[in-house]
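K.L.:
Listed here are the chains, written in short residue letters.
Protein chains: 2
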Amino acid sequence: MRASQSFLPLLKETPAEAELVSHQLLLRGGFIRRLASGLYTWLPLGLRVLRRVEQVVREEMDRSGAQEILMTVVQPAELWQESGRWELYGPELLRLKDRHQRDFCLGPTHEEVISDLARREIRSYRQLPVNLYQIQTKFRDEIRPRFGLMRAREFIMKDAYSFHMDQASLEEGYRAMYDAYCRVFQRLGLDFRAVEADSGAIGGKRSHEFHVLADSGEDAIAFCRHCDYAANVELAESAENPEAAATPAVDTPAAVLTETPDIRSVAAQAEHLGIGRHQIVKTILVMADDRPLLLLLRGDDELNLIKAQRHLGCARLRLATAEEAEEHTGAPVGFIGPRDLPAGLPVLADLRLRGLQDFSSGANQRDKHWLHLQWGRDLPWPEAWADLRLVQAGDPCPRCAGGSLEICRGIEVGHVFQLGTRYSERLGVRVLDEGGREQTVLMGCYGIGVSRIVAATVEQSHDERGIVWPEALAPFRVGIVAINGRKSPAVLSAALELHDRLEAAGIPTLLDDRDERPGVQFATLDLIGLPHRVVVSDKLLAQGMLEYRARRDSDNRLLTPDALWELLGGAS
Amino acid sequence: MRASQSFLPLLKETPAEAELVSHQLLLRGGFIRRLASGLYTWLPLGLRVLRRVEQVVREEMDRSGAQEILMTVVQPAELWQESGRWELYGPELLRLKDRHQRDFCLGPTHEEVISDLARREIRSYRQLPVNLYQIQTKFRDEIRPRFGLMRAREFIMKDAYSFHMDQASLEEGYRAMYDAYCRVFQRLGLDFRAVEADSGAIGGKRSHEFHVLADSGEDAIAFCRHCDYAANVELAESAENPEAAATPAVDTPAAVLTETPDIRSVAAQAEHLGIGRHQIVKTILVMADDRPLLLLLRGDDELNLIKAQRHLGCARLRLATAEEAEEHTGAPVGFIGPRDLPAGLPVLADLRLRGLQDFSSGANQRDKHWLHLQWGRDLPWPEAWADLRLVQAGDPCPRCAGGSLEICRGIEVGHVFQLGTRYSERLGVRVLDEGGREQTVLMGCYGIGVSRIVAATVEQSHDERGIVWPEALAPFRVGIVAINGRKSPAVLSAALELHDRLEAAGIPTLLDDRDERPGVQFATLDLIGLPHRVVVSDKLLAQGMLEYRARRDSDNRLLTPDALWELLGGAS
Numbered sequence: 001m002r003a004s005q006s007f008l009p010l011l012k013e014t015p016a017e018a019e020l021v022s023h024q025l026l027l028r029g030g031f032i033r034r035l036a037s038g039l040y041t042w043l044p045l046g047l048r049v050l051r052r053v054e055q056v057v058r059e060e061m062d063r064s065g066a067q068e069i070l071m072t073v074v075q076p077a078e079l080w081q082e083s084g085r086w087e088l089y090g091p092e093l094l095r096l097k098d099r100h101q102r103d104f105c106l107g108p109t110h111e112e113v114i115s116d117l118a119r120r121e122i123r124s125y126r127q128l129p130v131n132l133y134q135i136q137t138k139f140r141d142e143i144r145p146r147f148g149l150m151r152a153r154e155f156i157m158k159d160a161y162s163f164h165m166d167q168a169s170l171e172e173g174y175r176a177m178y179d180a181y182c183r184v185f186q187r188l189g190l191d192f193r194a195v196e197a198d199s200g201a202i203g204g205k206r207s208h209e210f211h212v213l214a215d216s217g218e219d220a221i222a223f224c225r226h227c228d229y230a231a232n233v234e235l236a237e238s239a240e241n242p243e244a245a246a247t248p249a250v251d252t253p254a255a256v257l258t259e260t261p262d263i264r265s266v267a268a269q270a271e272h273l274g275i276g277r278h279q280i281v282k283t284i285l286v287m288a289d290d291r292p293l294l295l296l297l298r299g300d301d302e303l304n305l306i307k308a309q310r311h312l313g314c315a316r317l318r319l320a321t322a323e324e325a326e327e328h329t330g331a332p333v334g335f336i337g338p339r340d341l342p343a344g345l346p347v348l349a350d351l352r353l354r355g356l357q358d359f360s361s362g363a364n365q366r367d368k369h370w371l372h373l374q375w376g377r378d379l380p381w382p383e384a385w386a387d388l389r390l391v392q393a394g395d396p397c398p399r400c401a402g403g404s405l406e407i408c409r410g411i412e413v414g415h416v417f418q419l420g421t422r423y424s425e426r427l428g429v430r431v432l433d434e435g436g437r438e439q440t441v442l443m444g445c446y447g448i449g450v451s452r453i454v455a456a457t458v459e460q461s462h463d464e465r466g467i468v469w470p471e472a473l474a475p476f477r478v479g480i481v482a483i484n485g486r487k488s489p490a491v492l493s494a495a496l497e498l499h500d501r502l503e504a505a506g507i508p509t510l511l512d513d514r515d516e517r518p519g520v521q522f523a524t525l526d527l528i529g530l531p532h533r534v535v536v537s538d539k540l541l542a543q544g545m546l547e548y549r550a551r552r553d554s555d556n557r558l559l560t561p562d563a564l565w566e567l568l569g570g571a572s
Numbered sequence: 001m002r003a004s005q006s007f008l009p010l011l012k013e014t015p016a017e018a019e020l021v022s023h024q025l026l027l028r029g030g031f032i033r034r035l036a037s038g039l040y041t042w043l044p045l046g047l048r049v050l051r052r053v054e055q056v057v058r059e060e061m062d063r064s065g066a067q068e069i070l071m072t073v074v075q076p077a078e079l080w081q082e083s084g085r086w087e088l089y090g091p092e093l094l095r096l097k098d099r100h101q102r103d104f105c106l107g108p109t110h111e112e113v114i115s116d117l118a119r120r121e122i123r124s125y126r127q128l129p130v131n132l133y134q135i136q137t138k139f140r141d142e143i144r145p146r147f148g149l150m151r152a153r154e155f156i157m158k159d160a161y162s163f164h165m166d167q168a169s170l171e172e173g174y175r176a177m178y179d180a181y182c183r184v185f186q187r188l189g190l191d192f193r194a195v196e197a198d199s200g201a202i203g204g205k206r207s208h209e210f211h212v213l214a215d216s217g218e219d220a221i222a223f224c225r226h227c228d229y230a231a232n233v234e235l236a237e238s239a240e241n242p243e244a245a246a247t248p249a250v251d252t253p254a255a256v257l258t259e260t261p262d263i264r265s266v267a268a269q270a271e272h273l274g275i276g277r278h279q280i281v282k283t284i285l286v287m288a289d290d291r292p293l294l295l296l297l298r299g300d301d302e303l304n305l306i307k308a309q310r311h312l313g314c315a316r317l318r319l320a321t322a323e324e325a326e327e328h329t330g331a332p333v334g335f336i337g338p339r340d341l342p343a344g345l346p347v348l349a350d351l352r353l354r355g356l357q358d359f360s361s362g363a364n365q366r367d368k369h370w371l372h373l374q375w376g377r378d379l380p381w382p383e384a385w386a387d388l389r390l391v392q393a394g395d396p397c398p399r400c401a402g403g404s405l406e407i408c409r410g411i412e413v414g415h416v417f418q419l420g421t422r423y424s425e426r427l428g429v430r431v432l433d434e435g436g437r438e439q440t441v442l443m444g445c446y447g448i449g450v451s452r453i454v455a456a457t458v459e460q461s462h463d464e465r466g467i468v469w470p471e472a473l474a475p476f477r478v479g480i481v482a483i484n485g486r487k488s489p490a491v492l493s494a495a496l497e498l499h500d501r502l503e504a505a506g507i508p509t510l511l512d513d514r515d516e517r518p519g520v521q522f523a524t525l526d527l528i529g530l531p532h533r534v535v536v537s538d539k540l541l542a543q544g545m546l547e548y549r550a551r552r553d554s555d556n557r558l559l560t561p562d563a564l565w566e567l568l569g570g571a572s
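Residue numbers (this note's numbering), protein chains in the order written: chain H, 1 to 572; chain R, 1 to 572.
In case anyone wonders, no lab produced these hints; they're calculated from the structure. One or more hints might be untrue.
Which copy is meant is left open, so a pair is good if it fits within one copy or across any two.
When the alpha-carbon atoms are kept at most 20 Å apart in a straight line, the in silico SDA-like pairs for lysine to any residue are as follows [stated by the list, open to error]:
(1) Lys368 - Gly313
(2) Lys12 - Gln127
(3) Lys97 - Pro145
(4) Lys97 - Pro108
(5) Lys539 - Leu492
(6) Lys97 - Glu383
(7) Lys368 - Leu235
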């Protein structure tokens, strides 16, 4: 493509609204333009990248045996009412009425629609398993859309849904999707991790997230370099062995009730009492489905509310308000503790507390804490134990011996779920089994954030000069700079000839034949991040040479046309 | 693809809701499924057809120099308010509010969004002309969605928008699109016509519609077989020469005022008076932008309101109500006539009336008509003349000598418009010209109903057994029927080998290896309309032969595998 004849609007200034580097570079390089909050137009350059992502996703989905369909953006409310999500889904679900005042929504996902299709069209176990996918526009009405494509309101997703007779078949289909996702991200040239994940509001049992690693990622991922353990920090397990016996007490001095005027935080308590934070038991009142429950953690640990909720199996878990805490414990927040609790208030303790004796905690009286408490002596051992803490970098790996956890940031670009019968039960997706009996099918669902991958790639792969596209995603593989092409017919014709030859060989090429200074031309190609740059100038032509530079390198190389051809052909 | 492993749900019965044959066959053959009124899911087979249309459209748009982008489905109301269409567009524009109560709509077209992009990104005449297009989901909230894909609410369109400095450049861009459209429809193998068209609500000057010819088409098209004249009947010109002199009167008897009790229609008038309908001048009161105007036509002609409106250049033209008619003429409907009109009521006569003398008309009194009227003698010649009549089959061609008009039905699948400055003026799309002066750009817009083409093709190309896809649109080019493949390993393996060989040669092939009777297999392939059918059976294998039939033929042919290969390769 010739830049002089293309719609490639560049921005000299970094737009003020763009915080993330991917957002800045995609705007500056003319890949996207903002239409309104969370709404972006894909310009020719950006659309080429998007299509490359789509193509790789499509090929790997097809290879896995999934079949492509296309569902609508607008969905009838009735199906969402059947699944129960019309009520459950928050204001991110954009609801609307048609001219007849019937309710619809813009689809953020398509579980309901696909379940409706399946219950009408699938009758027999012989038709299963089946996996249907689409690459389609979705809408989520984010309260504060930002970060450009990363959290846009309208975006493009690949979503797949599989249907199975039994759990074994679901596991197999899930594994096939997991493998297909690994192939997709490998082919796209991304540094990614598949992590165990919480399946969140979508419901279901087992799930993995696929994260592109990047410092700006919204998610924290704990992983072990020693083995392949990786999990979203929200779910990462602490290495405490739940089967291990509790440490017996030794030499704990007698318990002492101390005055701690207005000492409410663990940090203040440790300082005031001259002890370490790890010698404190912190006590947190939470409301599990509106019923009070005390959680105990070591003072140097943080509560992981999501792990606690999964352990409890409750629908909602939240921190109690100060009023609720005082109402249920009799003590103000900051002075609650496990000793002398009102009868009937259940307690759940983090596994790390088993190894702790001689500790301090709130005394359930204003401005008073205990010192030198000992389980079994001063207060009963908690009846219930669980892994409640947020893991930290340096923790021992929960899977292997000798490994320890690191924590990095990731951008979620894929997610695979085992939905089980969450939707098939409510929408009645039933088929006849071999014995002629009706049976509810099991479902899996599998998403890839196609448009988000474009931004995540830039987050992972850029430098101070601009984007550095992996080969598989680059809008063009080669950029040719025609130096003074407007004035030198020889340069322009040599550049055009090279351009045409590359294009004919199936190597997408952008020829910068604009009437610009060489510095501007070089800066443009660096900004838009094409993997290979070739310079044509009068001086080089006189030598019979071309100048080559890879985007990832800083060295220029003089090459004959044949050598260049071989180099680029080899990279194709 | 193997049918036994594919999601190809067929319907045995024709769904009651489907009126059009395309709707019936696409449902029965498992190409689409209805989700809700006007909303359809594309199943694997249908999506393959849709993608073939998209690909041809994309290639021809790219070949014409247009550049692909992708705009959003959801559009902010502000832009529509700027263009004035937020008020003008009826309830087909689906309006909605986001969580912050801001107004949006689902885009039925994208003139506003593209104009907004252009005014931000195009500054100089050097960047023009430019043509940007997208293939995107659109939404029109039809009051009564029907005919399946033909008039769906959510549908897929290719829309392109071009920007130009002057009319000459616009004409050139328009011509390039016109040519690209012809190539698209030719490549798709469709029998189509490009017709002069009314540009309707979208505004603008010149436009052509592209119609696929089919008896079920909603539009009537007048065309001449003698020359290349073709026009939507809404716009088709009558052959009357506006420059021709009026016929002088000869031998008209004296005018007579006759009693015509309750004779209100032309038909009743002709019968009552014993004259032909062509000897009657019918008089119709219309309201042009709410101002009364009398239109005169020959009794055997019908008024073409659209032609009248274009001639008058008014924003709205409608038939007057009975009350309005009596108020402005003093006579009840059915008795209005051109003689003795109230002063100041303007009159516009159809050109065909110039040749008429000795005619009858209403007398502007209840239950009275004139007989033997004559222009110039009994009443003044009308001051204004225009082409107001609907053309009829058999009319002389308005372009060539000796040709006559035929009228056929067509399905509109494409439309090209010269918008001029309709949008660029309101949204302020201005660039600097060579002299450094700001100038409003001219625009063209060009649409193709991508999803509608799928239905239109079926309307044009089917028989009593099912769909007959043109090669370019078929979901698979070849269908292989493995007779008793479940019982004969030899048949299945031979069929699979042929399937794999064809697929490897880039010929998309469907292998029917389902456990079905041969009759069902044949009927399925006929229904889904693949161009080439190959049968593999034990009997044929023993002969070393395959049985071949083209979907358009009724003859089976016995071929050796080599001969078949040559035949299909030749068709590729």
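K.L.:
Quick one: Lys97 to Glu383, C-alpha cut-off 20 Å, is that within a copy, between copies, both, or neither?
P.N.:
neither (53 Å within a copy, 52 Å between copies)
K.L.:
At most 20 Å between CA atoms: does that hold for Lys368 and Gly313 within a copy, between copies, both, or neither?
P.N.:
neither (34 Å within a copy, 89 Å between copies)
K.L.:
How would you label the pair Lys97, Pro145 (within, between, both, or neither) given a Cα cut-off of 20 Å?
P.N.:
between (23 Å within a copy, 16 Å between copies)
K.L.:
Checking Lys368 and Leu235: alpha-carbon separation at most 20 Å within a copy, between copies, both or neither?
P.N.:
neither (35 Å within a copy, 92 Å between copies)
K.L.:
Within a copy, between copies, both or neither: where do Lys539 and Leu492 come within 20 Å Cα-Cα?
P.N.:
within (13 Å within a copy, 65 Å between copies)
K.L.:
Within, between, both or neither: how does the pair Lys97, Pro108 come out at a Cα-Cα threshold of 20 Å?
P.N.:
Close inside one copy (17 Å) and across copies (16 Å); limit 20 Å.
K.L.:
Pop the pair Lys12 and Gln127 into one bin, within, between, both or neither, using alpha-carbon distances up to 20 Å.
P.N.:
between (56 Å within a copy, 17 Å between copies)
The structure fails to meet hints 1, 6 and 7 from the earlier list, while all remaining hints are met.
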